[in-house]
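J.: Protein chains in written order, with our numbering: chain A, 57 to 370; chain B, 3 to 321.
Keep in mind the hints are simulated off the structure, nothing from the lab. Glycine included, every Cβ here is placed at the ideal spot set by N, Cα and C. Check each hint, because a few of them may be wrong.
Subject to a maximum C-alpha distance of 30 angstroms in a straight line, what follows is the list of computed DSSO-like cross-link-like pairs (lysine-lysine) [stated by the list, open to error]:
1) B:K182 with B:K65
2) B:K218 with A:K152
3) B:K256 with B:K286
4) A:K144 with A:K129
5) A:K144 with B:K286
6) B:K182 with B:K35
7) A:K152 with B:K180
8) B:K180 with B:K256
9) B:K180 with B:K286
10) B:K256 with A:K144
11) B:K182 with B:K126
12) B:K180 with A:K129
13) B:K65 with B:K256
14) B:K256 with B:K182
15) B:K35 with A:K262
16) A:K152 with A:K129
17) B:K65 with B:K218
Partial chain B-side listing against chain A, Cβ under 8 angstroms, derived [unchecked claim]:
18) L238
19) V262
20) A263
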Amino acid sequence: MSAVTSPARPASSGASARTINRIVIYGLLALFAIFYLMPLFVMLVTSFKTMDEIQNGNMLALPQSPTIEPWFKAWGQTCVGLTCAGIKGYFWNSIKMVVPAVLISTLLGALNGYVLTKWRFRGHTLVFAMMLFACFIPFQSVLLPMATILGSIGRFGVTLQNATGFNFGLGNSTVNLVFVHVVYGLGFTTLFFRNYYEAFPTELIKAAQVDGASFFQIFRRIMLPNSMPIFVVTVIYQFTNIWNDFLFASAYAGTGDVMPMTVALNNVVNTSTGVVEYNVNMAAAMIAALPTLIVYVVAGRYFVRGLMAGAVKG
Amino acid sequence: MSTVAETQIKLTPEHDARPGASVRSRLQDLLPKIVLAPSFAATIVFVYGFILWTIYLSFTNSKTFPSYDITGARAYQRLWRWTFESDPPSSWYTSITNMGIFGFLYIAICLALGLFLAILLDQKIRGEGVLRPIYLYPMALSFIVTGVAWKWFLDPGLGLEQTLHQWGWTSFHFDWIKNKDFVIYTVVIAGVWQASGFIMAMFLAGLRGIDGEIMKAAQIDGASTFQLYRRIVIPLLRPVFLSAFIVLAHLAIKSYDLVVALTSGGPGGSAWLPSNFMYEFTFKRNEMAVGSASAVIMLMTLTAIIVPYLYSELREKPR
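Use the sequences and the hints to build the structure in full.
T.: This is the structure we're talking about:
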C-alpha cells in the first residue's frame, strides 16, 4: 500500500520544495565553512596589518596597507621572555626535536607491527594491549617521575662532562624530548603498523621463509617496499602530534633558549611587558602553525587516515 | 595448498637437525622477541613503572622534592575535602566542575555538530571536496595556536564585540573570556571548533559505509528523510558514536594546552581543568603529593572509559 502512495508525495510537493531544500542545505554548509575559517582568516589578516590599523580598524577588514613587517619581526626580533631574538631559534629547536623523534618512533613501530603480526608468540595480544593502553593515558600520570629521571640523567651528564669533556647528549633538552616522544609515541606507531600488516598476506612471508629468507631480509625486501602508505600516515601523524605538543615541552624544556616552538609562542603571546604587538603575535602563531598546515594541505588524505586509525580500528 | 603446508612442516625439523645451524636458528627464533623487547621494556618501565611511581608519591607528603616515606592517603583526603568546598570554591572543586561542564558540552556538541554536518555533506553536495578540508583543518593546528586565535577573536576590546559595535550593534556584549563564571564556555567553543570537523569525518565515513540497498528499501516503503535517518541510519552508526565518544572523552580529559593558551587559567584559575590543577600543584605550588593524587584520579577516570573499549576491540579482532 505504502509503496503505491509514496511516489505521489514527492510529485505533488513539486520541484520548488526540493530547490528550497537545496538552498537551505548549501546555506548551512556555507555558514559552517565561515565558522571554521573565521579564526584563521582573522589571524592571517591581522598579521599583515600595522598596529595603527588594528587599534582603529575592524577585525574582519582586509589590511589597508599590507605589510610583511610583523612576520619579519616575529621571526627575528620579538621578545620571548627576556631575550629578543625572535622565534627562529625555537622553530629550529622544534625541527631538531621532531625529525629524529618521528623517524625513530616510526621505524620502531614498523618493526613492532611486523613482529606482532607475522612472528606471533604466546601472549602477543597482551603485549599489544599493554602498548596500546599507553597511548591513552593522561601524561600527567608519568610527568613527574620522568622529570625526576631526566633530572638525574642530566646530573650524570654533567659528571661525564667534567670527567671526559663530553656529555654524550645526556641532559640535553632536545635529546630528552626526542626520547620522551619516542617512548610515548610507540603505542600509536605500533598500532598503525600492526593494523596495516594484519591485512598483509601471511602466505608471502611463509613462502619467503621456506626459501630461507631471514627475519630482517623479509622485513626489508617484502614488508618495507609494501608499506609506503602506512609510513606516510604514521610520519604525518607523529609529526603533527610532536610538533604540536605542549605539555612535555613546557615540563622538560619550559625556559631559556631550549624551548620548542609551542612553548615559545605561548610566552610571546602572554608577555605582559610593554605594548602588546598583536600583529607580531598573530604572525608568530601563523609561523608556528605553518608546518602542520602545509602537511595538511599537501597530504590531507593521509592525515585524516591517520586520525581515523588512531580512533577506530584499522 | 595442502602440499605447501606439508613441505613446510617437513622443513622445520630438518633445519633444527643440522648441528651447525642450530645456534643460528635458535637465534632466528628469538630474533622477533629481541626486536620487540626494547619497545616493550620501555613501555613497562616508562608507562607502567612511572604510573606506580606516581601512585606511590601520592601516598607520601612530598612537597617541593619527592619524599619516599609513606604517610597515608592524606593527599586524597585533602582532594576529597576540597571536592565539597564550594564556598569559596577550592581550585580542585573548580577544576572538576569545569571538567564536568567542559566534558559534557564538548562531547555532546561535537557529536551533534559532527553528525549534522556529515548528514548535510552526504546529500550529494557539489563542492564537497572543498568543504570537507575546510571543516577539518583545525585538527592540524596545535591547541596553542587555536588558543591564540580564539583569544584574539573573543577579546571584548579587539574581537567580535568590538567588530559588532563598529557595525552598529552597540548593545552587543560578550566578555565571557574575562568572566570567571563563563570562561570555561569559551574553552568549549574553541575545543568544539577544533575537533568537530574530525568527528564529522568519522560520521561521514560511517555514512558512506552504509549499504545503499537498505536506504532504497526504506524509501520505497515510504519513509520520509527524517524518519530514514532517525530510525535506520543513526542506529546503524552506533559503532561510530562509540569511537567518536572515546576519542572525545580522551581528548577532553587530556585537555591542558587549550586552557593555558586561551585563558592563561582564567581569572583566579577559574578555567582550570584537572590537568591544569595537576601541573600547577606539582610544579608551581610545591604540593607534589596532591598533584600526584590528582594525576592518579585523572588516570583512573580515563582507564574506566578506555579499558572496556580496548578489551572489546581487541577481542573482536580474531573473529
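J.: Need the list of violated hint numbers for this structure, in ascending order.
T.: 2, 6, 7, 11, 17 and 18
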